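Please build the complete structure, drawing on both the sequences and the hints.
The opening position of the sequence shown corresponds to residue 279 in this note's numbering, with each subsequent residue numbered one higher.
Don't read these hints as lab results, they were simulated from the structure.
There may be inaccurate statements among the hints.
What the hints assert, rightly or not - In silico BS3-like pairs for lysine-lysine, Cα to Cα no more than 25 Å straight-line:
hint, residue 1, residue 2
1, Lys393, Lys350
2, Lys344, Lys310
3, Lys393, Lys344
As the structure is a prediction and not an experimental result, all values here were calculated from the model.
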Amino acid sequence: MKTRLTVLLTVLMITGIFLPLKNSYAQRATSKNNDIAVDFVDFLINNTFTAQYEFKSTSTSSFLIKAEYVTKNTGTATGTLSAFGVGGAWRFYILDSRALEGFSIAGALDLFFFKNTTLSRNNVAFAPGADGAYKFFFDQFTVEPTLGVRVGIIPDNNPPPGENTFSGIYPVASIYFGWAW
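Right, here's the structure in full:
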């Protein structure tokens, strides 16, 4: 028994010493560190225009900040609602993806400041949530379909029409078109 084990270990050591080593590769990183993008698709769902800036923090994660503008004509009685929003997310690139390229998941947070001049009202909406996205690179250009969900929290228990769209659980669907460098 001992001699068989000794012979097996000796054969494995000799094989390991004399076989050529193969090249090994680390996970490749993208050469792009920044991306700025604009979305018009969420306008069709929530009447929201969004611009975002994403920057690489590690080889598999990034941070993004975004500015959002909401406009809704809610009818003659309640007038036009508008809002400026800011948001952010911390993205993690998974499934053999590198930061700024491939599939990512993110924890996200949006903050909207609503204004309705007809009703003389101002309101704030706080919306934490999550996103899943896949970013395609075409040289410097990027296309990034994104699906997400938010849980809108508005201090007013009875928000006016337009604001109630951002209250409770609501979807976020976007296709960002951007430029990376």
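Hints, one by one, checked against the model:
no., hint, verdict
1, Lys393 - Lys350, "holds, 11 Å"
2, Lys344 - Lys310, "holds, 19 Å"
3, Lys393 - Lys344, "holds, 19 Å"
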